[in-house]
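Line by line, the protein sequences are chains A and B.
Under our numbering, the first residue of the first sequence is numbered 738, with each subsequent residue one higher.
Under our numbering, the first residue of the second sequence is numbered 738, with each subsequent residue one higher.
Treat the hints as calculated values from the structure; they're not laboratory data.
Fair warning: there could be bad hints in the mix.
Identical chains share a label here; the pair holds if one copy fits it or two copies do between them.
As the list claims (entries may be wrong) - Here are the simulated BS3-like cross-link-like pairs (lysine-lysine), alpha carbons at most 30 Å apart as the crow flies:
(1) K970 <-> K945
(2) K914 <-> K1017
(3) K1017 <-> K970
These numbers come from a predicted model, not from an experiment.
Listed below, chain by chain, are the residues.
Number of protein chains: 2
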Amino acid sequence: MTANILDGHMHARILIDSIADELDQLPRVPGLAVVLVGDDPASQIYVQSKIRMAERLGLRGEVEFLSHDASEADLLGVIDALNARDDIDGILVQLPLPAHIDTLRIMAAVDPCKDVDGLHALNAGRLFHGDDALVPCTPLGCLRLIKSIRTDLTGCHAVVIGSSNVVGKPMAALLLKEHATVTQTHVHTRGISDICRQADILVSAVGKAGLVRGDWIKPQAIVIDVGTTRVEKPEGGYEVRGDVTFDEAVRVASAITPVPRGVGPMTIACLMENTVKAAKARSARLQ
Amino acid sequence: MTANILDGHMHARILIDSIADELDQLPRVPGLAVVLVGDDPASQIYVQSKIRMAERLGLRGEVEFLSHDASEADLLGVIDALNARDDIDGILVQLPLPAHIDTLRIMAAVDPCKDVDGLHALNAGRLFHGDDALVPCTPLGCLRLIKSIRTDLTGCHAVVIGSSNVVGKPMAALLLKEHATVTQTHVHTRGISDICRQADILVSAVGKAGLVRGDWIKPQAIVIDVGTTRVEKPEGGYEVRGDVTFDEAVRVASAITPVPRGVGPMTIACLMENTVKAAKARSARLQ
Chain A
738 MTANILDGHM HARILIDSIA DELDQLPRVP GLAVVLVGDD PASQIYVQSK
788 IRMAERLGLR GEVEFLSHDA SEADLLGVID ALNARDDIDG ILVQLPLPAH
838 IDTLRIMAAV DPCKDVDGLH ALNAGRLFHG DDALVPCTPL GCLRLIKSIR
888 TDLTGCHAVV IGSSNVVGKP MAALLLKEHA TVTQTHVHTR GISDICRQAD
938 ILVSAVGKAG LVRGDWIKPQ AIVIDVGTTR VEKPEGGYEV RGDVTFDEAV
988 RVASAITPVP RGVGPMTIAC LMENTVKAAK ARSARLQ
Chain B
738 MTANILDGHM HARILIDSIA DELDQLPRVP GLAVVLVGDD PASQIYVQSK
788 IRMAERLGLR GEVEFLSHDA SEADLLGVID ALNARDDIDG ILVQLPLPAH
838 IDTLRIMAAV DPCKDVDGLH ALNAGRLFHG DDALVPCTPL GCLRLIKSIR
888 TDLTGCHAVV IGSSNVVGKP MAALLLKEHA TVTQTHVHTR GISDICRQAD
938 ILVSAVGKAG LVRGDWIKPQ AIVIDVGTTR VEKPEGGYEV RGDVTFDEAV
988 RVASAITPVP RGVGPMTIAC LMENTVKAAK ARSARLQ
């Protein structure tokens, strides 16, 4: 028996369709602004795919380009202008930023009501408290995939590998909010395979290809693989690999996300969901 | 062999002495305001002990009393006035509030820079992100007690029983910040004794007398008991008991807090620490 393979593209399409239905009920077209500093090719691809998805869905998408040597003050000026604009509901600053810019200060400058990346401390605190918040898109997408298999997570033991502010920590907070028992692990964790073997739900978000082996997985667990590592292929060229050794894990888990085509498409779909959520909340307040 | 018994009064005195030294370096006397709504006898005792400690330390302490039928608007008015006052560095709204007042809205109204209880979402988010923040006093006190025994928590497995916003969640966040592997459990957790037996550090904060038995504890673990439950004594009268069955645990743990005289005194000392921290930060900004 092999695991149910969670098709991220299919689940993203389902989510996008439900967002399209909600759009019809809004008084105006929501606007998403993505801010890109510098010309990192990977970042450019991410930004393009976000804007393309927004436009396909019928949102207004725009990109603010700043050169790689833009100052922190330049970037803060752009954010202030976007904060003030009525037609912009979501602001996303593409990370990573150049080293001379203080990422924390930038995140704190985005209006929390437009913070569709969920990285403002106020949104993080609301999530932490179990209140309504704009939540980072990747863990939001992971939770949707998990709940497509198991709607009630009460009392499940979830193990999250990785404790970044963007994925690991908000993932743990979301699972806790669903009444799962949650263990957060990271690079300093000892005996990680024994800990993972207790997991009814295992989420790995570290970016270390093949870290999680088949014998780390509890039979019938749900396994979500957030890792993406570019690995050189023997025959030349590269492939993207996840944190989980898929061929082994697929024989033990009840459900598993592939890499690619697993979590990735859900992240962009959840960005659209957050933008519409922000637009709805702003419309309700302005009425 | 029995455990080292962590004397909360002694550790609180050490902390208070170090705060007194810091006070000498401040340009003015920090002010702490406690807001009490209604006449709950337990709350009155807590408030008095906080103010008494503040004054003994040489802070300015004051209490704003509101009657039990004060409106939310009345309370918000008091908080706004305290937010605006230059001589007030710390504002603490004694919980619980009467049912007709929205506690979340009240917490959100306190200036985050004066939020010495660490309950504003902005402070919670900063803690969650691992940044500098005003942190709730009880978990702060627990961490000090733990670190009095073991200064480096890197790679320890910590289990926190209870996931309240005031104790359980910030406790887990503080332990994670110290690079411990952290499992957060709660009322829905299954197989809790097996989970607790993995803990190098076990913190219980549920308020269920005697919940944690000796055989839940890993030999040589550090055990911190935040619970306080009033239990009727067979001979009449009441006693306060912790979550941990002390007589059993003391034979297994390497260190354990008693109830009373364990975590309690540390909570008040950490409130003083937070007030001075807030005063220092405000002085630095105003300079």
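So, going through the hints one by one against the coordinates:
In this assembly of identical chains, K970 and K945 lie within 30 Å of each other by CA distance solely inside one copy; the values are 16 Å within and 57 Å between copies. Taking identical chains as interchangeable, the C-alpha atoms of K914 and K1017 lie at most 30 Å apart only when both belong to the same chain, with a minimum of 23 Å there against 35 Å between chains. For the identical chains of this complex, K1017 and K970 are neighbours neither inside a copy (46 Å) nor across copies (56 Å), given an alpha-carbon limit of 30 Å.
Of the numbered hints listed earlier, the single one contradicted by the structure is hint 3.
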